[in-house]
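**Q** Protein chains in written order, with the working numbering: chain A, -16 to 81; chain B, 1427 to 1691; chain C, 83 to 715; chain D, 6 to 524.
None of these hints come from the bench; they were simulated from the model. Ideal Cβ placement from N, Cα and C applies to all residues, glycine included. Some hints could be false.
Simulated DEER-style distance windows between Cβ atoms [unchecked claim]: (1) D/Glu67 - C/His252: 51 to 61 Å; (2) A/Lys80 - D/Thr500: 57 to 67 Å; (3) C/Ala111 - D/Thr500: 31 to 41 Å; (4) D/Leu187 - A/Asp38: 40 to 50 Å; (5) D/Ala372 - C/Arg663: 19 to 29 Å; (6) B/Leu1605 - C/Phe700: 53 to 63 Å; (7) C/Phe627 - D/Leu289: 47 to 57 Å; (8) D/Glu67 - C/Val712: 39 to 49 Å; (9) C/Leu710 - D/Leu187: 26 to 36 Å; (10) C/Gln531 - D/Gly467: 58 to 68 Å; (11) D/Gly467 - C/Tyr564: 55 to 65 Å; (12) B/Ile1581 - A/Gly35: 31 to 41 Å; (13) A/Gly35 - B/Gly1428: 13 to 23 Å; (14) C/Tyr637 - D/Gly461: 42 to 52 Å.
Taking lysine-lysine pairs in the DSS-like style, the calculated list, with each CA pair at most 30 Å apart, reads [unchecked claim]: (15) C/Lys253 - D/Lys379; (16) D/Lys470 - C/Lys253; (17) D/Lys463 - D/Lys379; (18) D/Lys488 - D/Lys470; (19) C/Lys532 - C/Lys463; (20) D/Lys119 - D/Lys32; (21) C/Lys463 - C/Lys612; (22) D/Lys463 - C/Lys253; (23) C/Lys457 - C/Lys532.
The residues making up each chain are set out below.
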Amino acid sequence: MTTHYLVLSALLFAIGAVGVLVRRNAIVVFMCVELMLNACNLAFVTFARQHGNLDGQLIAFFVMVVAAAEVVVGLAIIVTIFRTRRSASVDDANLLKY
Amino acid sequence: MGETITFWVLAVVSVSAALGLVFSRKAVYCALMLGVVMLSLAVLYAVQDAPFLAAVQIIVYTGAVMMLFLFVLMMVGVDSSDSLVETIRGQRFWAMIAGIGFAVLLALAVGQAAIGDPAGVTGANQRAGGNVPALAELIFTRHVFAFEVASALLITAALGAMVLAHRERTRPRPTQKDLAKARFVSGYPGPLPGPGTYARNNAIDMPARLPDGSVSELSVNRVIARHDVEDGRLPDDPELAEAIRQAAAEEEEHNASIAGPKEDR
Amino acid sequence: MEPVEIIQHSGGVIGVAWLMIALPLLGAAILLLGGRRTDRWGHLLGVVMSLASFAVAVLAFVELLGMSGDQRRREIELFQFIPGMVDMGLLIDPLSIAFALLITGVGSLIHIYSIGYMSHDPGRRRFFSYLNLFVAAMLLLVLADNYVGLYIGWEGVGLASYLLIGFWQHKPSAATAAQKAFIVNRVGDFGLAIGVFLIWTTFGSVAYGPVFQVAGQAEQGVLTAIGLLLLLGACGKSAQLPLQSWLLDAMEGPTPVSALIHAATMVTAGVYLVVRSGAAFFPVGSTAALVVTVVGVATLLAGAIIGTAKDDIKKGLAGSTMSQIGYMMLGAGLGPVGYVFAIGHLITHGFFKANLFLGAGSIMHAMNDEVDMRKYGGLRKLLPVTFVTFFIGYLAIIGFPLLSGYFTKDGIIETAMHHSPVLGWLAVLGAGITGFYMSRMVFMTFFGQKRWAEDAHPHESPAVMTVPLIILSIGSIFLGGYLVLGNTLANWLAPAVGGPEEPIEFHFVTTPGIATLVLVAIGAAFAWMKYGRAEVPVVAPRGSFVTTFARRDLYGDAINESLLMRPGQWLTRLAVFFDNRGVDGVVNGIAAGIGGTSGRLRRIQTGFARSYALSILFGAAVVAGALLLVGNI
Amino acid sequence: MPWLSTLIAVPVVGAVAVALLPKGADKLAKQVALVVSLVVLALTLAVTIQFSPRGERFQYVETYDWIPSFGVHWGLAVDGIALVLIALSAVLVPVVILASWHDADGTGADNPPKRSVKTYFSLLLVLEAMMIGVFAATDIFLFYVFFEAMLIPMYFMIGSYGGVQRSYAAVKFLLYSLFGGLLMLVAVIALYGIAGRNTFMFPELVGVITDPTTQKWLFLGFFIAFAIKAPLWPFHTWLPDAAAQAPAGAAVLLVGVLDKVGTYGMLRFCLELFPDAAKFFTPLVLVLAVVGIVYGAIVAIGQTDMKRLIAYTSISHFGFIAMGVFAMTADSAAGATLYMVNHGFSTGVLFLVAGFLIYRRGSAYIADYGGVQKVAPLLAGAFLIAGLSGLSLPGLSSFVSEFMVLIGTFSSEAVAGINYAVFAIIATTGVILAAIYILWMYKRVAGGPTAESVAGMKDLNGREKWVVAPLIALIIGLGFYPKPLLDVINPAVDTTLANVSVTEHQAPVPVAEQKGAGE
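The whole structure should be built from the sequences, with the hints applied where relevant.
**A** Structure, rendered in structure tokens:
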């Protein structure tokens, strides 16, 4: 059963990664990142059960905390960018280049 | 057996939802899809003897984080939909290759590993008298430092968000006198007429009629007027329709003036 | 008779012989560091230091006289210079003390003379400090008991010579001449240095005592090589062919400098070196000794020929100096008998050439620093003292019987004749030419018509200048006879350089001697016809091919320029170009290549976060794949 | 008392103190820096006096664990070779500080911009600490750290306080040195790994690597780094740029001390750690050295810029040092060590006097001068003495060292069994070329009629006299009596060569004894 969970987790992770790569709306990109984090959490929880100790669950918990913080800051950044550039597309913020 | 069924059902659901997240044009749908995934995962956590996490997943993720997403979506424009034309050459193709490749690799790795039966966390839970006390014991003993750091992180994040969202006032706050002056200079000192006044149907998107029977464009909310024009829900009365169209045109103009500096691509 | 053993010595005057070097060195230091404060009495200090050094030399000489012949080579230790290699010490023996006396004696006279000669020069103090420095360095050269000490003095006199030739640095010609002198000398020093290396490698010592003791046991080839290398050094310092070219230009220095350094003392250092190492590296009949004599003869002829064509009185004397040192070299290549005459000629030459040079200086002093003899004439009456002393010097140098030069030069010619008639007759020929050019000089200067520049007001020099002239001319008259007759010098030098098997007998009437006199007389008569009786044009006539040849110093400078200087400049330019474009070009080329590549690679940085994310994902995939592969293996 | 750590700590503390001074306290910054450097000099003198040349090879040993898991130590100690080089640094820094008094003020004749004075002097002190550290380190890793850390202050001194092309020069200097440094890092790590002693301490690594191929590769790693640092031909082109663009004081430390790390490293590390490889590569190194001697001299003759000219002369002199090190005779190696010290003094004073000239005239081009001797005799005199020291005039210190190097190399046939005399002979031509480049420069700068542009040039002032006087006194003093230094150097060199299994310090066997043995 563990294998199944892990494969599911990998699938979700990969889908999230592809989403990050192909979507341009910063908010959607963020959602995909969240998806990847969730996929990881699933793996953690699965491993917790596999090994029979609660550290995995605890890490997942911490991931959630960090994710929450990340979302807050990330969305604030998006809002700020949107205010000045009137766009939520990640491709529009491309000043940092050669 | 029950777990297997649950797993397979939720696996299918969550993968489909994830795919939906990636492929749906509208951001709101994406948000909903993400919600579905999260809820499915919450259930999977519960199935795997992690009731506390399942609850947190629902409360924090589906409750707080998703709401935050939706709020921001509202601010940025709920209805804005991505154009599906890829601008970076080869990005989509290579993203697919890399994504699929990565998934296959991970799956292979997992598949190759010899994984025995899960030990289960029941024992661990029981030692502390339940899942939540067990986690609590871990958090406040072994991981207390990480926990403190996490709390610091959260506070910092909150502060950071406030700093980022804070808009610096570039001109002095207008006094009441300034406001009054501006009102009179604008040429229309009184309050705007409410919509639907003297109208035949008392709806928010119907322009008001002035006492002389003419139609007041000022009474229509411009955003609503634009939606009406876009969706083709114009009233039969040509006079009213004309007023709505004009309000919608003003809205367009207004949007264009804000978006003006933005490069068109 | 072999040279005697060197004996360690302490106490007495010889024990403090280092004072000879230290005193003038101290004088130089005080004058250089004291700055303008010492301007008023600086020249006096210089003279005092030089005289004090002379006094020490005389006392040491007296102490040496008090010892028996086989006790007369004394060595004093000073300090460890390079531990395990060079222990600095002084060797006080008849040879070195003879040099010390000459250097400090003539040197002191020239110091005194300079008080007058330089009285109007703002840099007089500096001049005296350089003179003192020179005396110190020269004394170190002759007194050191090892080759490294000699080398230090050797280059020290080079430095002093450089400073003094370029004393009037603001004259470009002087600055150039000084530079040339130093560089040409360095070519000689190169030979000397390698000679010293070879001595160290062969004998494991650089001190004279141990080296000479075992010199005979080394391989002949090595000995010859050492001899030739030392000779190269000697050629540089003594202006022998092929390193003669600097001496004529060196006349840019103040005249006392020409007298002291470029006539009386420094240029004889080469002779000293050859004589000092003679027994070890230049034994009679060896290749090295043969080369020494050939170089000597070639130079004596070349110098004499150059002397015939010069209108500049100092350059004429410089040519003559070359020539006379050629004689000494010739003598120095001829073994113990030759050494005696070479050193004898060196000492008498020191007197009469200093006399001549200082006389020339006195003339220049009288003639507003004019050096062109064509603008002299008829000075005999106006400069009586100068004339008489100069004339005595003249008689001495041409070998007028019974004067100093007669004994010593004739001795060299006879000894050469003994060894090889060819060398001997060439030396006789040189003496004849000497008779011509010296007579020419005297006649053009003191006889004939006045050809002065309009603003010239000739006057006799002050006593401070004429007294040294008188003393030197007395030496020019009697010294030669004193040294040669009765074997005084031969007996004196024998402990140091070895002596002939039987006492040298000086014959007054010999075939070469008479031939020399006849040739000299012919030369003098020819000069009288051309320059005494006849009118001398103020502007030099074009002259024949031979005259031009001599005037241009036998094309020595032209040869140096076309063979060394021009290719050197070309090589330098090539090297600079190669360094900038070649070596640095490669370096900068690599840098530019990397820069260009990065310029192209940086285009990858598109600014699109999504393409960066893509590469991250690829990276992750690659890492995962690699881990899988490695895990499987 | 941890003397060596103190020696490193004092300038560091001083640097921090200078850097923390309030803005505008320029004069105070200079004074503090000078006092600190003098304190370091006094400490160094104390160390030197207490050093016993015939005692243990390494003295003042300090060893503290730094990174225990890799066996890295804060290991300091000095032998005679390191001691004289530390003394060299300690003497040069106060002199340089005094000479650089106005380098950052922006008061020079070429109107350089005013820059932060206290930063400059702070950097000087940091550099001093690094220089002392690099010579005192006995832990190879620590040596490497100092070796690279030295670049930082020097980079800023060239890059911020230099001439017009300073940034090009600074970057070239940094990249070149880093390139060499990285090769060395690889070799250092490989040495650690292959030796397998879990330590970087130099004394414990001597003689550990025995495999010839390994030795050769590691030797090359170290050697290239040192050859770039020294610099040997053909890795030299950064030096003229850096030295010409650096302010005179920085140029002195760059050429006088920093570059010595290269030759010091060859003697200390290349020879002792990899003796067989060193012997294998000796012909190659000697060829490079001799080419450098002649080539550097010839290129120097053709230079039009005073500082570049001096830099090229240094390339020539570094050739001598490298030759002395690799000829591996006791005389040549001791001479090379002495040469490192003497060259520091003589090139130092040459650069400083050139700096004075440039400060007054505002140009480094020789053609812009003429007749300085007439208007500023002391300045010209100092220039001449410095130059004469550069051409190794006997009686000045550089002669002794050059003589020892040449005679040592020349006599290597009798001593080490291999004939390198021909290298010595070719190298001796450098003596002639040296006379040409120095005197020609002096003639063009100081000789001839006084050029209009130098007409009002002021002679040395009191401060400048204090800069020049000690160095010239040292040059002359050591020229006549080098024994004190040689007594310190010789035992260390003997030990070094013993580790390379070359015979002890001894004179060539006299001819008579050779004969005697044969019969």
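**Q** Quickly compare the C-alpha distance for C/Lys253 and D/Lys379 to 30 Å and report which way the hint goes.
**A** holds (11 Å)
**Q** Per the hint of 42 to 52 Å, is the separation of the Cβ atoms of C/Tyr637 and D/Gly461 within bounds?
**A** Cβ of C/Tyr637 to Cβ of D/Gly461: about 44 Å, so the range 42 to 52 Å holds.
**Q** Given a hint of 58 to 68 Å, does the C-beta separation of C/Gln531 and D/Gly467 actually sit inside it?
**A** holds (60 Å)
**Q** Given the hint that D/Lys463 pairs with C/Lys253, does the C-alpha gap stay at or below 30 Å?
**A** Between D/Lys463 and C/Lys253 the Cα gap is close to 21 Å, so the pair holds against 30 Å.
**Q** Is the distance from the Cβ of D/Gly467 to the Cβ of C/Tyr564 consistent with 55 to 65 Å?
**A** holds (56 Å)
**Q** Is 31 to 41 Å a correct range for the gap between the Cβ atoms of B/Ile1581 and A/Gly35?
**A** Given range 31 to 41 Å: holds, Cβ gap about 34 Å.
**Q** Is the gap between the beta carbons of D/Ala372 and C/Arg663 within 19 to 29 Å?
**A** holds (22 Å)
**Q** Quick check: does the Cβ-Cβ distance between D/Glu67 and C/His252 fall within 51 to 61 Å?
**A** holds (58 Å)
**Q** Using the beta carbons of D/Leu187 and A/Asp38, state whether their distance is inside 40 to 50 Å or not.
**A** Taking Cβ atoms as reference, D/Leu187 and A/Asp38 lie about 42 Å apart, which means the hint holds.
**Q** Could you check the hint for me, namely that C/Phe627 and D/Leu289 are 47 to 57 Å apart, CB to CB?
**A** Hint holds: Cβ distance 54 Å, inside 47 to 57 Å.
**Q** Please test the hint of 53 to 63 Å on the beta carbon pair from B/Leu1605 and C/Phe700.
**A** holds (57 Å)
**Q** Would you check the hint for D/Lys119 and D/Lys32, treating anything up to 30 Å between C-alpha atoms as holding?
**A** Holds, because 14 Å separates the two Cα atoms, which is no more than 30 Å.
The structure agrees with every numbered hint stated previously.
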